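Let the hints inform the model, and build the full structure from the sequences given.
Going by this note's numbering, 38 is the number at position 38 of the sequence shown; the sequence numbering is gapless.
By construction, these hints were calculated from the structure, which means they are not laboratory data.
On a predicted model such as this, the values are computed, not experimentally measured, just so you know.
Built from N, CA and C at the ideal position, the CB exists for glycine as well.
Among these hints, one or two may not hold up.
Claimed, not checked - Taking CB as the label site, the calculated pair distances span:
no.: 1; residue 1: 16; residue 2: 46; range: 31 to 37 Å
no.: 2; residue 1: 13; residue 2: 46; range: 31 to 37 Å
no.: 3; residue 1: 35; residue 2: 13; range: 18 to 24 Å
no.: 4; residue 1: 10; residue 2: 46; range: 30 to 36 Å
no.: 5; residue 1: 63; residue 2: 31; range: 17 to 23 Å
no.: 6; residue 1: 22; residue 2: 46; range: 30 to 36 Å
no.: 7; residue 1: 12; residue 2: 46; range: 34 to 40 Å
no.: 8; residue 1: 12; residue 2: 47; range: 35 to 41 Å
no.: 9; residue 1: 9; residue 2: 58; range: 15 to 21 Å
no.: 10; residue 1: 11; residue 2: 64; range: 19 to 25 Å
no.: 11; residue 1: 52; residue 2: 28; range: 18 to 24 Å
no.: 12; residue 1: 51; residue 2: 13; range: 20 to 26 Å
no.: 13; residue 1: 41; residue 2: 15; range: 29 to 35 Å
no.: 14; residue 1: 45; residue 2: 12; range: 30 to 36 Å
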Amino acid sequence: MATTAGPAFGTGALRRGIEEHAAPTLLSLYADDAETRIVDRDSRPSHPKVLRDGRITDQIMVQAWDE
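If you want it as structure tokens, here you go:
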């Protein structure tokens, strides 16, 4: 039994999201269970802060694109 998988990543959506500066378009590329790893002065690369809540990831992306 063969199955056909859809594209794993939409380059068109990525291009539109970047060109239109649209966080919702970019967020549509992430899976619901995606993790966000944050490295900054408080969270070093050896121990990054890991966010597993999709809503927090959404908030971070929207803030980043609104600035």
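Does the Cβ distance between residue 11 and residue 64 fall inside 19 to 25 Å?
This hint holds: roughly 20 Å between Cβ atoms.
- Message: The hint says 15 to 21 Å between residue 9 and residue 58; measuring C-beta to C-beta, is that right?
- Response: Holds, since residue 9 and residue 58 (Cβ atoms, about 19 Å apart) stay within the stated range.
Review point. Is the hinted range of 18 to 24 Å satisfied by the C-beta distance from residue 35 to residue 13?
Key: The hinted range 18 to 24 Å holds for residue 35 and residue 13, with Cβ atoms some 20 Å apart.
message: Against the range 29 to 35 Å, how does the distance between the Cβ atoms of residue 41 and residue 15 compare: consistent or not?
response: Once the Cβ atoms are compared, 33 Å apart, the range 29 to 35 Å for residue 15 and residue 41 holds.
Check: Is the gap between the beta carbons of residue 22 and residue 46 within 30 to 36 Å?
Finding: holds (34 Å)
- Message: A range of 31 to 37 Å was offered for this pair. Does it hold for the Cβ distance of residue 16 and residue 46?
- Response: holds (36 Å)
Worksheet item: Has the hinted range 35 to 41 Å been met by the Cβ atoms of residue 12 and residue 47?
Response: holds (36 Å)
Check your understanding: So does residue 12 sit 34 to 40 Å from residue 46, Cβ to Cβ?
Key -> Between residue 12 and residue 46, where Cβ atoms are some 37 Å apart, the hint holds.
* To do: For residue 10 and residue 46, compare the CB-CB distance with the range 30 to 36 Å and indicate the outcome.
  => Check passed, 33 Å falls within 30 to 36 Å.
With respect to the beta-carbon atoms only, verify the hint that residue 13 and residue 46 lie 31 to 37 Å apart. Holds - the Cβ-Cβ distance for residue 13 and residue 46, about 33 Å, lies within 31 to 37 Å.
Against the range 17 to 23 Å, how does the distance between the Cβ atoms of residue 63 and residue 31 compare: consistent or not? holds (20 Å)
Q: Could you say whether the range 30 to 36 Å given as a hint is met by the Cβ separation of residue 45 and residue 12?
A: The hinted range 30 to 36 Å holds for residue 45 and residue 12, with Cβ atoms some 32 Å apart.
Consistency with the previously given hints is maintained throughout, with no hint failing.
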